[in-house]
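Position chain B against the provided structure of chain A, taking the given hints into account.
Take a look at the letters that make up each chain.
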Amino acid sequence: MLDDELVIYEYLNAASPLKTAIGSNLFTNTAHDFKGDESKGIRFRIKGGSSHPNAPMESPLVDFFCYGGSGNEEDSRAIYRLLRDRLQGKTNEETTSGFLVSSVQVVIGQIIKEPDTNWWATFTTYQITLREKE
Amino acid sequence: MKNKSAILSGAGSFWIGDADSEMPEIDDNGQVVFDSTSGWVDVGFTDGVSIEVESEFQEIFADQHLAVLKLLLTKEAAKVVCSIHQRDVDTFNLAISASSKLVTAAGADQPGMNLLSIGDGTPVEKKVAFVGTSPNGFARMWYAPIAVATGTIKYEGKKEHTPLEVEFMCCADPSAPAGSRLLQCYDITATPTA
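Those protein sequences? They're chains A and B, same order as listed. The opening position of the first sequence corresponds to residue 11 in our numbering, with each subsequent residue numbered one higher. The opening position of the second sequence corresponds to residue 1267 in our numbering, with each subsequent residue numbered one higher.
Keep in mind that the hints were calculated from the coordinates and are not lab data. Take the hints with a grain of salt, since some may be wrong.
[Said to hold, decoys possible] In silico lysine-lysine, DSBU-like type, Cα no more than 30 Å apart, as pairs:
1) B/K1268 / A/K100
2) A/K100 / A/K143
3) B/K1367 / B/K1345
4) A/K57 / A/K29
5) A/K100 / B/K1345
6) A/K29 / A/K123
7) B/K1270 / A/K29
8) B/K1268 / A/K143
9) A/K57 / A/K100
10) B/K1270 / A/K143
11) B/K1367 / B/K1420
12) A/K57 / B/K1270
13) A/K100 / B/K1270
14) B/K1367 / B/K1424
15) A/K123 / A/K100
16) A/K29 / A/K143
17) B/K1367 / B/K1425
18) A/K123 / A/K45
19) B/K1345 / B/K1270
20) B/K1425 / A/K100
Everything numeric in this text was worked out from a predicted model, so none of it was measured.
Bound conformation, chain A alone (with noise of 0.2 Å):
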């Protein structure tokens, strides 16, 4: 069973640059305990996007929350750019429980204001196609 928040959660939880500046700051849907005006760090949902009828794939839209911490919009821009170099025209990259077979930027970093909370955040949009491990 394909699990695409935990396959995306894998991928940008290994080793990287992104993975070193956010630590273990990265949340999917409701990150509790965290604040994104304190510490560096990232929130994604999926937001639509399909599923093939006849393999085991499934092609989501995913909305990144890119934070910056303590710092103003452009740390958090900072943190999308990481986030960037890390995802954008990936291919073929194997998790621990799936596969990424690619992830393309449909929407370009964008910095918000979040009206809830009212932390600085970039918010940016990936298409990214995975499938089950065999």
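Structure of chain B alone, referenced to chain A:
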């Protein structure tokens, strides 16, 4: 047999070599290694490659049967098509079969320049290779020992960036065994055992 591992992205890198370039080697990590000193060039940023193999057959009938009795293979053709984003003279020279490139260094009253010349030249045979990923996570290499740039090269001098569409027709290599003279795909399944 259903094999999830064979569901892959086809992305990879496209290489063009001289006619006498050494065939790329497979290293101990299951990856393809090109000897750039033997004429291989990575064409750089591309939108990927499409490889087409076309087979033509002649239908054989006999009086006693209405249906086709046999199909005879009468023609085989292989074509490699690639969209290249780099628009330097080296790329144009690779993409046009009978072109030539002359490099002039800067000197007194002489600007440095690359000169691409086209017209009444001799078509140049190349080798082409496309390297991606095999289902086992090692290299996959499509390799054509003889290929000639045959496509229509369209230089578009406009504001929007447009990639250069290049096309190579593969030719049979008479020195290779029958059945493998046009194109080969090497899928690395494992690294050497020793």
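So, going through the hints one by one against the coordinates:
{"no.": "1", "hint": "B/K1268 / A/K100", "in the structure": "25 Å, holds"}
{"no.": "2", "hint": "A/K100 / A/K143", "in the structure": "17 Å, holds"}
{"no.": "3", "hint": "B/K1367 / B/K1345", "in the structure": "25 Å, holds"}
{"no.": "4", "hint": "A/K57 / A/K29", "in the structure": "23 Å, holds"}
{"no.": "5", "hint": "A/K100 / B/K1345", "in the structure": "27 Å, holds"}
{"no.": "6", "hint": "A/K29 / A/K123", "in the structure": "23 Å, holds"}
{"no.": "7", "hint": "B/K1270 / A/K29", "in the structure": "29 Å, holds"}
{"no.": "8", "hint": "B/K1268 / A/K143", "in the structure": "12 Å, holds"}
{"no.": "9", "hint": "A/K57 / A/K100", "in the structure": "20 Å, holds"}
{"no.": "10", "hint": "B/K1270 / A/K143", "in the structure": "6 Å, holds"}
{"no.": "11", "hint": "B/K1367 / B/K1420", "in the structure": "18 Å, holds"}
{"no.": "12", "hint": "A/K57 / B/K1270", "in the structure": "25 Å, holds"}
{"no.": "13", "hint": "A/K100 / B/K1270", "in the structure": "19 Å, holds"}
{"no.": "14", "hint": "B/K1367 / B/K1424", "in the structure": "24 Å, holds"}
{"no.": "15", "hint": "A/K123 / A/K100", "in the structure": "29 Å, holds"}
{"no.": "16", "hint": "A/K29 / A/K143", "in the structure": "24 Å, holds"}
{"no.": "17", "hint": "B/K1367 / B/K1425", "in the structure": "26 Å, holds"}
{"no.": "18", "hint": "A/K123 / A/K45", "in the structure": "13 Å, holds"}
{"no.": "19", "hint": "B/K1345 / B/K1270", "in the structure": "28 Å, holds"}
{"no.": "20", "hint": "B/K1425 / A/K100", "in the structure": "28 Å, holds"}
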